[in-house]
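> Residue numbers for the sequence shown follow the working numbering, beginning at 1 and rising by one.
Derived from the structure by calculation, the hints contain no laboratory data.
Hints are not guaranteed to be accurate.
What the hints assert, rightly or not - Capping the alpha-carbon separation at 25 Å, the derived lysine-lysine pairs in DSS-like fashion look like this: (1) K58 / K293; (2) K318 / K287; (3) K340 / K58; (4) K287 / K58; (5) K293 / K318.
Stated by the list, open to error - What follows is a list of derived Cβ distance ranges for each label pair: (6) E276 / Q111: 31 to 41 Å; (7) Q372 / E126: 33 to 43 Å; (8) E32 / N240: 21 to 31 Å; (9) T193 / D89: 43 to 53 Å; (10) H75 / E276: 23 to 33 Å.
For clarity, every value in this text was computed on a predicted model and none was experimentally measured.
Glycine residues also receive a C-beta, built at the ideal position from the N, C-alpha and C atoms.
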Amino acid sequence: MTLDLAAIADRIAQLVGTVDPSFEEERFVALERAWADADSVEIEQRLATARTPFLTAKAHGPLQERVALPAIPDHYTVAATDGSLIAPDRHSPARFYLINVGKVRLSYGSQSSAALTNDPDFRFDEQDLYVPDEVQRIPVNETILGVKRACAELRAVADLLDPADCSVALQDGTLILWPIQSLQDAIVHWAVTEYMEAMRVLRERGIPLASYISAPGSADVLNSLRIAVCDYPSLGMQINCNACRSRILTEGRTPACDVLPAVTDRYLFERVAHLETGERSILFDSKSFILDKYDPDQQVQFFFLNTGREIARIEVPKWVGDDPRLVDRVHAVVYDQAQKGIGYPVVLQEAHEMAVLSMSDRRLVAEAIERQLARHGVVVSQSGKSGSKRGRFV
């Protein structure tokens with residue numbers, strides 16, 4: 001059944017009526033002023049003692065600095081991997097999972113070439129279906145498989161590239177293991193250990209790793225501007241966001257940072273910083289507590305890049321960010337890939353196509369397993385819920 005839009009049309013109209021264009025305009029003027037006046041050194045000093053409930057970013061230089069597009073190499077090789085998976089099905093008597101990794105290597109220059117393959121990994125052994133832990137028996141689920149897939153992607157992309165080439169290993173999405181923040185300690189330890197081992201291979205081979213986040217929703221840099229406009233230091237107090245906001249109820253106070261609009265960093269670098277096509281921002285350190293568990297040289301840095309179609313967030317490990325030549329290579333190659341892909345890196349597009357498992361693929365795997373079970377005298381009986389998903393009866 002489709003949504004009854006008429007039932008909420010009045011509420012939508014009321015929502016639009018709550019928007020005050022003049023007030024919003026004032027907030028965006030304040031944002032531009034805060035950006036122009038921001039001092040990276042002062043912000044870092046404030047952050048050293050600040051207590052904030054949101055993520056901020058450490059700037060490597062003046063916030064307002066813009067970095068021009070480096071020369072695009074005449075010869076370079078870029079590789080990407082992407083993965084899709086089939087998670088264990090509790091409705092099935094046969095427990096297994098499948099991780100399919102799409103692998104793409106594209107070389108440009110006098111000896112251009114392309115290699116596109118995929119590598120399905122089918123696991124069903126007992127030791128593969130549980131997270132290794134001496135105390136707890138933790139079954140692999142879809143969240144845990146997401147980490148396994150990320151590790152498999154990194155291991156695969158390292159094998160695609162020759163360190164002697166002008167090469168870049170590119171991944172889709174973030175290098176920060178956000179899913180582990182809600183997992184048990186045993187899973188977190190296992191996940192980070194596996195992930196670091198995969199990242200170290202690239203480090204040891206000298207292959208720069210970068211990830212591309214399209215339409216990023218982060219606001220780490222914008223949150224740093226909130227620290228910049230906070231009036232607590234001028235009142236002789238340490239920045240404490242929770243204490244500040246509690247005063248809204250007790251004193252009717254308006255926090256100084258509320259003058260800034262709730263926008264993303266993407267908006268900030270497009271509409272306020274005005275990155276030109278091909279330009280990038282300075283490097284920033286992510287302040288995610290998850291990175292405390294990473295190797296020091298693998299902690300994540302990022303910059304924003306205007307590809308001509310969008311403002312993308314590009315993440316790199318610290319060891320890459322510490323080498324200006326590698327950062328320039330990543331900058332140039334990612335931009336060129338976005339042009340070849342009409343707005344999105346072509347190597348990532350192709351890796352996705354090689355990895356994706358269609359509904360038909362998933363059905364074929366399920367049917368193949370059911371046939372093998374039947375040969376061994378095991379008849380699969382579907383649960384009521386699982387069976388209902390195979391068709392509609394009304």
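> Each hint needs a verdict: does it hold in this structure or not?
Tested hints:
Under the criterion of a C-alpha separation no larger than 25 Å, the hint pairing K58 with K293 is consistent with the structure, at around 18 Å. Between the alpha carbons of K318 and K287 the distance comes to roughly 13 Å, so the proposed pair stays at or under 25 Å and holds. Taking the CA atoms of K340 and K58, the gap is about 32 Å. The hint is violated against a cut of 25 Å. About 7 Å separates the Cα atoms of K287 and K58, which keeps this hinted pair within 25 Å; it holds.
Between K293 and K318 the alpha-carbon distance is near 14 Å, which keeps this suggested pair within the 25 Å criterion. At roughly 33 Å, the beta-carbon separation of E276 and Q111 lies within the given 31 to 41 Å, and the hint holds. In this structure, Q372 and E126 break the distance hint of 33 to 43 Å, their C-beta atoms being roughly 19 Å apart. Between E32 and N240 the beta carbons are some 27 Å apart, a value that agrees with the proposed interval 21 to 31 Å.
The hinted range of 43 to 53 Å is not satisfied by T193 and D89, whose Cβ atoms lie roughly 28 Å apart. Against the hinted window of 23 to 33 Å, the Cβ-Cβ separation of H75 and E276 comes to about 26 Å, which satisfies the hint.
Violated hints, listed in ascending order, are 3, 7 and 9; each of the other numbered hints is respected by the structure.
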